[in-house]
Each structure stands twice: as structure tokens, then as C-alpha cells.
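Trainee: From first to last, the protein sequence lines stand for chains A and B.
According to the numbering used here, the first sequence is numbered sequentially starting from 1.
According to the numbering used here, the second sequence is numbered sequentially starting from 1.
What you were told as hints is all true, and nothing was included just to trick you.
Result set (DSS-like, lysine-lysine): computed pairs, CA atoms no more than 25 Å apart in a straight line:
#1 A:K143 / A:K97
#2 B:K166 / B:K150
#3 B:K285 / B:K16
#4 A:K234 / B:K166
#5 B:K108 / A:K239
#6 A:K290 / A:K2
#7 B:K16 / B:K374
#8 A:K176 / A:K143
#9 A:K147 / A:K124
#10 B:K166 / B:K108
#11 B:K285 / B:K374
#12 B:K108 / A:K234
#13 A:K15 / B:K374
#14 A:K15 / B:K285
#15 A:K176 / A:K147
Simulated from the structure, these hints should not be mistaken for laboratory data.
Note that the structure is a prediction, hence the values are computed from the model and not measured.
Spelled out, the chains give:
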Amino acid sequence: MKYLRLVLANLLRSKRRTFLTVFSIAVALFLFCTLRTVITSFEAAMRASNATRLVVRHAASLVFPLPLAYRERLAQVPGVTGITYGNWFGGYYQDPKNQFAQFAMDVSTFDALFPECVVSEPEKEAFRAERTACIIGRSLARKYGWKIGDEIPIIGTIFPGEWRFTVRGIYTGATKDVDENTLFFHWDYLDQSLPAGRRSLVGLYWLRIASPDLAPAVSRRVDAIFENSAQPTKTETEKAFQAGFISMLGNVRLLLTIIGSAIVFAILLVTINTMMMAARERTAEIAILKSLGFGDGRILFLVGAEAVLLSLAGGLLGSGLAALVFHESDFTGGGFFPNFRVLPETVVLGLGLALVMGIVSGIVPAIQAARLRVADAIRKVA
Amino acid sequence: MSIPLAYNLRNLYARKVSTLLTALGIGLVSWVFIFTLALAGGFQAALQSTGSARNAIVIRSGSTAELTSIVPREVAAQVETQPEIARAPDGAPLATHELVVLWNLERKNGTTANVVVRGVTAKSMALRPGVRLLRGRMFRPGLEEVVVGKLLEERMAHCSVGDRIKLAGRQWAIVGVMDAGGTAFDSEIWGDVELFMPVFDRPVYQSVTLRLDEPSHFAALQKRLESDPRMSVAVKREDLFYEAQSATLATLLRGLGFFVTLVMALGAVFGALNTMYAAVGSRTKEIGTLLALGFSRGSILLSFLVESVLLALVGGLIGCAMALPVNGITTSTMNFASFSEIAFRFEVTPAMLLAGIVFAAVMGVVGGFFPSRKAARRVIVEALREA
Chain A
1 MKYLRLVLAN
11 LLRSKRRTFL
21 TVFSIAVALF
31 LFCTLRTVIT
41 SFEAAMRASN
51 ATRLVVRHAA
61 SLVFPLPLAY
71 RERLAQVPGV
81 TGITYGNWFG
91 GYYQDPKNQF
101 AQFAMDVSTF
111 DALFPECVVS
121 EPEKEAFRAE
131 RTACIIGRSL
141 ARKYGWKIGD
151 EIPIIGTIFP
161 GEWRFTVRGI
171 YTGATKDVDE
181 NTLFFHWDYL
191 DQSLPAGRRS
201 LVGLYWLRIA
211 SPDLAPAVSR
221 RVDAIFENSA
231 QPTKTETEKA
241 FQAGFISMLG
251 NVRLLLTIIG
261 SAIVFAILLV
271 TINTMMMAAR
281 ERTAEIAILK
291 SLGFGDGRIL
301 FLVGAEAVLL
311 SLAGGLLGSG
321 LAALVFHESD
331 FTGGGFFPNF
341 RVLPETVVLG
351 LGLALVMGIV
361 SGIVPAIQAA
371 RLRVADAIRK
381 VA
Chain B
1 MSIPLAYNLR
11 NLYARKVSTL
21 LTALGIGLVS
31 WVFIFTLALA
41 GGFQAALQST
51 GSARNAIVIR
61 SGSTAELTSI
71 VPREVAAQVE
81 TQPEIARAPD
91 GAPLATHELV
101 VLWNLERKNG
111 TTANVVVRGV
121 TAKSMALRPG
131 VRLLRGRMFR
141 PGLEEVVVGK
151 LLEERMAHCS
161 VGDRIKLAGR
171 QWAIVGVMDA
181 GGTAFDSEIW
191 GDVELFMPVF
201 DRPVYQSVTL
211 RLDEPSHFAA
221 LQKRLESDPR
231 MSVAVKREDL
241 FYEAQSATLA
251 TLLRGLGFFV
261 TLVMALGAVF
271 GALNTMYAAV
281 GSRTKEIGTL
291 LALGFSRGSI
301 LLSFLVESVL
311 LALVGGLIGC
321 AMALPVNGIT
331 TSTMNFASFS
341 EIAFRFEVTP
351 AMLLAGIVFA
361 AVMGVVGGFF
371 PSRKAARRVI
381 VEALREA
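Next comes chain A alone, as it looks inside the complex (with noise of 0.2 Å):
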């Protein structure tokens, strides 16, 4: 640490230098988190998920609905401690671009099986007691700056005409994975609006189990009831169903790895020109510690400090402002990413990143400086 001053010294003789050099590598590591963010906030949904509860579909597809008569036969199920149902609802607001997710849900069973949406109790109360009322997630609110007691009218897709909701409740998240874009309104208020043929169906069945050992056994259970009725049933935990949408994303995680790793080679090449054109006009230098009795090792070291602090530099700055920048900006791509925020391990193994990039530019200049021969060098300057 006693040549820290030096390495400074060093680092700020060219100040123009070490300020672009630190700002490119800052710019790399922007990218890097923000396009992990992207991958992250796909899977938050899958952070979010319960172990201790089971998504009961139709076994073909989502199109096709469950009918409400399974309730009775899946509470029987052994090992099942809980059951509620809802109808994935496909509206949207005003515009087809202002998506976000709206579900019909049983009211009575809702916040027993979803326990990390967080209600206040008279908010839930007057949830319950209103047929057209609706709770929204508090980031959901924030973007259109819904407030209780706002008439909100969603135009459905699925279900035809406006729908007019009544906000009653704002939910916030128990952790910061759960998604605050989701409406929930009354599941029986869809159910008697429909015409009868399309009544007294269920898109999709969640079961609470009393401990996630359970989840293959039950799955199991269930699906073979109704193995052979006319709507077979396809059982899975809340974290397999939600990456089977992310699956269907395809490659857009190998495709945003592809980006980010052209990105940071592309920073890495010129922070290794950088270093090397530092280290160059520095050989006169390096000659004279050499001969002052600065060892070889040491001034390998001497060296490469320096390209690593620059580059730790950089990534601190980088990673920092991405952070700071999607904290809480309510960011949602168009509803593409509902929870779009920087994780800390992203942060971490952006630093990790910066590092290597700053061993990986300092290695061949810290070489070329230890193997300096000082004859040649202090010939060459003179």
C-alpha cells in the first residue's frame, strides 16, 4: 500500500487519459448490468415464486379453462392446505401498448394463498365487500397515478367491452421480487357479467402445500385424477410454470450475452491500447526506478496496480450508476419488465468483471516494464 501515492501520482500525470480511460470502462459496465437487469427482471417472477404452491392449468394450454367444479375435488386432494382460482383477464388500459396484467380472483381465498401482497386490513375489507372494486401494486399506481377510490376502465381482449374497476387497495410487495403491476379485482364480478355458456370457468387453480417436499407427490395426485376427463390437468410448482413462459422468450438470454460480452471486449481492447501507450511513453521512467534498485517484481506489480484501480474505478462507476439510475424508476419496457432493478449480485460480478479487465490491460505492459533491460532503455530516451 506504501506506493498507493505513487500509482496515483502515476494515474493523474495524464489527467485527460485516466478520465476518458475510466469513463470507457464505466460505459461497459453500464451496459453490462442493465443488459443482466434485463435477464434478472425476466426471472424475478420466478424469484418471487412460492415453493409451497402448485399452478393448476390445463393440461393442452392456457387457452383452454378448468371447470369451477374442480375446486371441491382439489381441496380433497392429500396434502393440499389451501386452494384459490382465478381468470387471467388480457385487458388493457386506454391503449393495447399500456399492458399490464389484470387476473379475476376469488376474493374469499385470494390473500391466503398470495401472502406477499401486502394489504392493509381495512383495504382488504373494503376489497371484499365491493363487487367491482380492484387492488393494484403500488408501482402500478405510481405510473398512472391511480389513487383509491379511482374508477379505472380496462377494455377487455378476452372478456369484450369496458370494464370499469374501483380501486380499493394499493398492495406493496413482502420482497422486492414480487411484481407491483398486477390488478386484482372479483372473480365472481367476470363470472356473472359473461353470457351462461361461458360461465363457471376457471383459467387457472393455485394449491398451497405444507411443505415444498410435497410438490411432485401432489402434482402427481392431481393429475392423475383427471387424467382422463375431458379437461386434463397439467400440475407443476409456481417457479416450473414461470419458466416455462421465460423459455418461450427463446434466446433472448443468449442473445443479450452475446451483446454484453461483444461490449466488454470491445472496452477491454481499448483499455489494453490505453495501458500499453501509458506504459510506452513511461519507459525512461521504469528505467530509472529499475535503476534506483526497484526489483522486477516490483515494478510488475507498480504497473498493474495501476491498469486495476483505473478499471476498478471505471466498474464502481458503472455499476453504481446503473444501479442508481433504475432504482425505483418505475421502468417497465412497455410492460416488458415489471421489476426492473439491479440486483447487488449484479453489482458484484460487475466489479469482479472490472477487475479482470484491469489484470487482463495491465498484464502485457507490467511484463514488457518488468522485462525492461535499463542500458537499452535510458540509451533510447538520451
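Once you've looked at the hints, dock chain B against the given chain A.
Mentor: Relative to chain A, chain B alone:
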């Protein structure tokens, strides 16, 4: 008088490693730029070309996709008697009513994906001239036979001619593979609509698609059908209908692409600035000599700027060379409008390559301007005196 270009070329060559590292950095930025454009372009092209401007699609009013639409038989029958519909050679109206459901199928890698299963009529192929049979034969109406799109065959398990797939509790023989020219139909399964309806327990159609006798007759047809309260349908031009499905995701991809490349370009410009400042710094004596020889400050500025742009152009060309192999690679993503997986190919167009090169050149100008100005402002005597 201007400084010869050879001076710049030789200078770039003299600093080979530095030139190459900087050019590669700029090249990668151009590559990311072209890559994201090709991704968004390919996705949009797949959906856009799915529809035709000569066709109209009728769905339930309020629905944004076929999947959420319901068109009862009697409404479909009424739509198909409209006078604006073109006639097939046999005199029948060129229109088809179709059933669309999602079915969860296994991919080759063992995971599952939602696939569009479409019940079609004898007219469906005629309405989509881009769709043709690649192998095998068409399914026979009334039999448990289906044909699959070629991109579906590539990605899904047991989806080749001769295989059987299980849908709605029955085994269906795959008798043909269709080539839909990279459109959304390439990711679908087609079978007989009249057989599908009882089997899938769906008493209604999802859409009616028809060929207009004159594209200009669309407005009249739309007005008549949409104003009829008994029908409650929406009439859309087929190409615009599919284009709208791609709009959100394509805009998002492009937005992400522009954001990433612009921010990244900033980083690369910082790198270029470093390189050019170093180039100017190490050539102080040369600059002094050039000034002493009588070259104007303007021509020195220009010369260094040209050098920077040349450096960037090398990078742009490297970016293009790396982007070309991406063209045609198949990838897939979710079509959010239909909740189904759609496969598409990256599409690298000449315009995108040109955009990539221009983008690189702009980086060169921005990254070269300040160092060049510094070079041009040197005072002769001081520059010559410096080591």
C-alpha cells in the same frame, strides 16, 4: 494544399497494434449495432410478411389477436357472402374461416413451448400464396392428419413427416411439411377445421380471412361489417394486423439496440480520443515540420481527422464482416400477441451494413476532432523544439 493520404495510411500502419485494437473496438460497436437491427428487423419481417395487403381478416371487435377472438359460425357465413370478396376459379368466394388454439408441445431439447394449432379450410392455402408444401402431401379433410411448418419441424420433437403427435387426446399423423417463407405460419400446425372443432371442443371460429377483389374496396367492407351491431366484428387489413403484433417487441428490441449502441459508442469514442491524442502527442515534431513546410492549419486538422475516420472505417468494415455470418441464423422468441413461440431469421440488409459503417465513421469524426484541433493549434517553434 492538402497533406497526402499516404501520410495517414503509413502512420496507421506504423502503429499497427494500437490501430488494430482501436479499430476492433469500434468494429465491435458497429457489430452490436447491426446485430440488434438485424434481430428486430428479422422479427418484424417474419410477422409483417405473414399478412398480405390484398387480404382482410375479420375478428371479434375488441380482440387484438386471433387467440382472444370468437367468430360464431353464422357470423362467419355472413361475412363470406360480402360482395367485395374475390372469387376462386370455381366461383366460390375466396375466404376461409379458421380455428386457432395454443398447444403445449415438447421441443427437441426436452422443454416445452406453446404452438399455434390452426384449423384451416381448402381455401386457406389459396389465400396465402407464400405458403407451399415442401415435403409430403396436404392433410385429407376428415382424417386425423396435419401438416407442420418447416421451422416447427426443425425445433420440435417428433414433428417430421411420418411422426405422430398427440393433440386433444388423439394421435395425428404428420403427412406434410410446409414452407411459409419465414413467416409466422412456419411455426404452426395446420389441420382440418371441421374436424378440429368437435375434437378441441370449440364450437366457434377465431377468424375469417378473405381476399379482396380490389384492395380499394377494403374501406367499404370494413365500414359495413363493423357498423353491423349483430356481428360485433373488427375488420383489419391482414398485413397491418400482423404488423401490429410485432410492433411492441420490435420497438423494444430496436430501442434496446439503440440505447446499447449509443452508450457503447460513447465508450469507444473515449478510446478513439485516447488513441488520437497519443498519435498527436507522439508526432509533435512532425506537426511542427509540416507547419514549417507551409501546410496550413486547416489541412493539418483535416489530415488528422481523415486519419481518425480511416481508423474508424477499418473498424466499421470489421464490424460488417463479423455481422455477415449472422444473417439467416434462426432464433425464436415469444409472440406476445399470441402467447406462442415464433421462429424467425436474422436479417442483415445492405442498409444495415451501410448504417453500421456510417455509424463507425461518425465515431471517428467525434473521436478525432478534438485531438486534430489540438494538433492544428500547435505553435511551430514550440513544436519543433519538443523532443
